[in-house]
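So the sequence lines, in the order shown, correspond to chains A and B. Residue 85 in our numbering sits at position 85 of the first sequence; the count goes up by one each step and never skips. Residue 44 in our numbering sits at position 44 of the second sequence; the count goes up by one each step and never skips.
Be aware that a few hints might be false.
[As the list claims (entries may be wrong)] Pairs of lysine-lysine residues, derived as DSS-like cross-links and limited to a Cα-Cα distance of at most 27 Å, are as follows:
#, chain 1, residue 1, chain 2, residue 2
1, A, K119, A, K249
2, A, K249, B, K74
3, B, K43, A, K31
4, A, K14, B, K95
[What the hints assert, rightly or not] Okay, the calculated beta carbon distance ranges per label pair:
#, chain 1, residue 1, chain 2, residue 2, range
5, A, K283, B, L19, 20 to 30 Å
6, B, G93, A, P10, 32 to 42 Å
7, A, M16, B, M1, 53 to 63 Å
8, A, Y98, B, Q80, 43 to 53 Å
[To be verified] Stretches of chain A that chain B covers, calculated by requiring three or more beta carbons in the stretch to come under 8 Å of a beta carbon on chain B:
#, region
9, 14-22
10, 33-43
11, 53-59
12, 245-254
Hints are computed from structural coordinates only; laboratory data are not their basis. C-beta atoms are modelled at their ideal positions from N, C-alpha and C, and glycine is treated no differently.
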Amino acid sequence: MSLDYVKFTPGFGKFMPKEYRDMVEHGPFGKKTSVSQVGTFKEILEEHPMCAGCAMTLFIRLAIIAFPNPEDTITVGTAGCGRLAISQAAIPFVYGNYGDQNGVASGLTRGLRLRFGDKPKDVVVMAGDGGMADIGFAQTLHSWFRKEKFTTIMLDNEVYGNTGGQESGMTNKNQVLKMAPLGKKFEKMDMLGMAKVAGCAYVATVVPNNPRRVESVIKKAVLVAREIGPSYIQAYTSCNIEYAIPTDKVMEDAKTVETDRYKFSEYITDEAKEYLSQLYGYKEYLPKPAAAVEKK
Amino acid sequence: MYLVANIDTEICAATSCKLCTQYCPEANTILYDNAAGEDKGFKYGAAYVAVDRCKGCAQCVWVCDNMAKHNAIKMEMIDQIGDTALTENVTYGEKTSTAILANPVRGQM
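Given these sequences and hints, build the entire structure.
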């Protein structure tokens with residue numbers, strides 16, 4: 001994996017589709033791009049078959065823009081809506097069998113470390129709430145307990161959106177869905193609490209109605225996973241089909257849910273704070289001067 | 001026919017907030033031209049829509065009306081917006097992109 005894998009074989013450039021040529025010549029590979037510059041460079045994500053107005057797509061788009069080194073990143077996914085978009089990006093995508101994504105990512109991370117040594121190669125798992133909290137629950141938790149160094153992102157739409165609206169572990173209690181007509185009987189699973197108990201070095205919740213925050217959270221999570229330990233991001237990405245949200249009201253819903261029950265939260269270990277401040281210049285994690293601490 | 005987003009360049013160039021570019025769920029759809037509106041004295045450019053990628057969700061309309069409060073984006077029928085940007089006519093440059101406007105409905109000149 002290097003910048004070369006996206007380039008054309010000499011002489012073949014003119015036969016390539018316009019989108020591919022734009023991506024090689026004006027894409028974010030090898031450059032520093034940010035969410036605020038979006039629209040002025042060719043994005044890695046391409047056309048995808050996700051529903052119009054899907055908040056999950058918006059989150060995936062922002063996440064891919066936020067990867068610190070897209071040319072050195074591999075995404076891992078599983079069955080569910082998310083993989084329809086993640087696989088349409090110009091970075092390698094590995095499809096784990098349903099629920100296997102964190103197991104696959106564990107092996108991949110170890111293999112890349114053996115092959116490339118200290119050169120950072122980022123593995124990012126992006127899967128839905130069903131793949132992560134229900135079917136792949138054991139593998140997800142085990143990868144965290146084993147301190148596998150990769151980022152896990154849950155695209156939490158609180159329903160099995162791809163198969164007609166069954167309840168998942170992350171659905172809220174009493175929620176009635178097309179395939180859960182009596183309402184869900186138990187509480188939403190506390191995956192954040194479990195991530196902390198299992199030893200994740202960075203845990204955050206985020207809603208895509210704040211693109212800059214999504215960018216910052218993804219960057220930190222990927223950087224922490226390079227050296228310190230597993231990182232976990234739980235993102236509320238509503239399903240406008242199963243929850244019947246009009247497409248133009250998706251962001252209104254995201255805002256309501258964020259204020260109501262999905263507030264931004266960030267947990268970071270001291271070791272990760274020190275690492276981010278010393279290696280990547282995150283000033284907010286610098287230790288406070290002794291004088292300032294005494295005044296308090 | 002179907003609806004696509006259409007951005008009023010003059011209203012957009014007056015504020016250049018770029019919010020809609022960050023909230024569109026489709027990649028490479030709402031693009032940004034730093035030189036748009038220069039002829040009318042605006043300095044910071046405006047956003048435009050590559051209509052062949054637009055799925056018509058109107059999320060950008062909500063963002064422009066309610067978050068930015070600029071009311072620059074409207075949903076319009078594709079055969080009634082006139083010449084507009086299409087992916088095949090977009091050229092990327094150094095931190096900007098420009099589009100040659102063309103008729104979006106195939107078979108019509």
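**Item:** Structure versus earlier hints, numbers of those that do not hold, lowest first
**Value:** 1, 6 and 7
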